[in-house]
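Residue strings, one per chain:
Number of protein chains: 2
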Amino acid sequence: MKRAAFFVSDRTAITAEMMGHSLLTQFESIEFEQINLPFIDSVEKAEQAVVQINAAAEHYACKPLLFITLIDRAVIKVIEQSEGMIFDLLNTFIHPLEQELGIHSAHAVGRSHGMRVYSTYKLRIDALNFSLANDDGNTLKHFPKADIILLGVSRSGKTPSCLFLALQYGILAANYPLVDDDLESSRLPEVLKPYRDKLFGLTIAPERLQQIRKERRPDSSYAEYQQCQYEVNAVEKIYRAQHIPFLDTSAVSIEEIATTILQTSGLERRLHG
Amino acid sequence: MKRAAFFVSDRTAITAEMMGHSLLTQFESIEFEQINLPFIDSVEKAEQAVVQINAAAEHYACKPLLFITLIDRAVIKVIEQSEGMIFDLLNTFIHPLEQELGIHSAHAVGRSHGMRVYSTYKLRIDALNFSLANDDGNTLKHFPKADIILLGVSRSGKTPSCLFLALQYGILAANYPLVDDDLESSRLPEVLKPYRDKLFGLTIAPERLQQIRKERRPDSSYAEYQQCQYEVNAVEKIYRAQHIPFLDTSAVSIEEIATTILQTSGLERRLHG
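Listed in order, the protein sequences are those of chains A and B. Going by UniProt numbering, the first residue of the first sequence is number 1, and it counts up by one from there. Going by UniProt numbering, the first residue of the second sequence is number 1, and it counts up by one from there.
Errors might be hidden in some of the hints.
It does not matter which identical chain is used: a pair holds within one copy or between any two.
Claimed, not checked - Using 27 Å as the maximum straight-line C-alpha spacing, the simulated BS3-like pairs for lysine-lysine come out as follows:
#, residue 1, residue 2
1, Lys122, Lys141
2, Lys193, Lys63
3, Lys45, Lys198
These aren't lab readings, by the way, just hints derived from the structure by calculation.
Okay, chain A solo, but in the shape it has when bound (with noise of 0.2 Å):
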């Protein structure tokens, strides 16, 4: 049995279908479809909604759900009119925050997202050319700068690491590879050590390593299991012996990656949500 699970939103729809996704994933033994609806911030738009709902609902013969982040009382009510069940995830709080606050809402589009504020945009854009610019050890200079700095041997995940940590949190983060004669050494490269204090080291398990690689350079003596066992084992002991706050990042995703590093590290962020 299959049955279509709409997000329906004011906006971008990124919040309704995480939150919609994470009820879902409750229910494993039914298949969804699942549709983005965003944008949908007119009459006319929500009137063109209940028509692909509606469609969906004779496709599937029985009731779309929809999980729905919606401001405008006009629009909610044409949504309504549809034959999808309505899950309304601001709304059903927005009562009872008015009770405990003392004060009413401002029933307001558009106002956790969009540019109201270009100061974050910035931030987030800058936090986004940090990382870039300071990707893979390529320069140091901007060290200094930087809220943390990733350690890891190749393909540990430390760039997606930074980009999210940039995008999500409006973190600097800059990384840097710990290469064959850094790891021959057991020593901290020199050039690290003034910025002993913002160093956080990735690892990984060995077979997971191997299989990264190996997609990347097949046949290299790079992706053979010895070098990757070797690798790991040689930057864990320099994490250790350096005391270096550190992650295994075999079986986790890039979010939880980027929270435990801010949890761990005790890091400010300089955005919010």
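On the provided structure of chain A, position chain B as indicated by the hints.
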């Protein structure tokens, strides 16, 4: 008056934070101290969280707001004993969903993120690597594999948009900067012609472009208003002549750019939520 707002989750708390943040923006007259409490996946961690919540209650002399995405009943019970007011973002909807779907939910922790599915993780990392390898027109050889190719003048938002499309939706997004030679000829560069169906243009207000370029390279001709105006006019002329869909990024967030591109181009996402 200031209040504490906690986002409490058994995983990253990113979903709780996004939802909570959306709700709090509807009450802008109140200032909130926003605190993420991720990985609250045991009774012990919940007890530590309660200490922190109660300290905030005392500090601000009012109930902290708790936006929670917790599955484990034992953990929730501990949090309920705190002095915070709970907004249960998941369980509020689980029961009506069970009713509608006619089955019980799994009540399993950490289903939405995490590395449960390696193929999903790989999709995302592959998309991110694709974006990085195909940034700023530095190579064209992977263009046949691209899901979409963003066009635009320097600093119009191509790179952040590509990275966001990769991280959020697993889209293989390349980008190609239109430079003076292209703009002068008013023609689509020959190398792009085979990929006409994959092209999407970005544009930006000249004032805004100037502002961004000035921060990057002050006192350059590159950042002069006239140059910015010339480039923007020329690039929009190409988009119109070639019927390339395009978007003005001046007043929209990266999320909104990415969502609009998906919607306008009818692109299939490789990742959901």
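Hints and how they fare:
For a Cα distance limit of 27 Å, the shortest separation of lysine 122 from lysine 141 inside one copy, 21 Å, qualifies, whereas the shortest one across copies, 32 Å, does not. Taking the closest pair of Cα atoms, lysine 193 and lysine 63 never come within 27 Å of each other, the shortest separation being 61 Å inside a single copy and 44 Å across copies. Proximity of lysine 45 to lysine 198 under the C-alpha cut-off of 27 Å is restricted to the inter-copy arrangement: shortest distance 26 Å between copies versus 49 Å within a copy.
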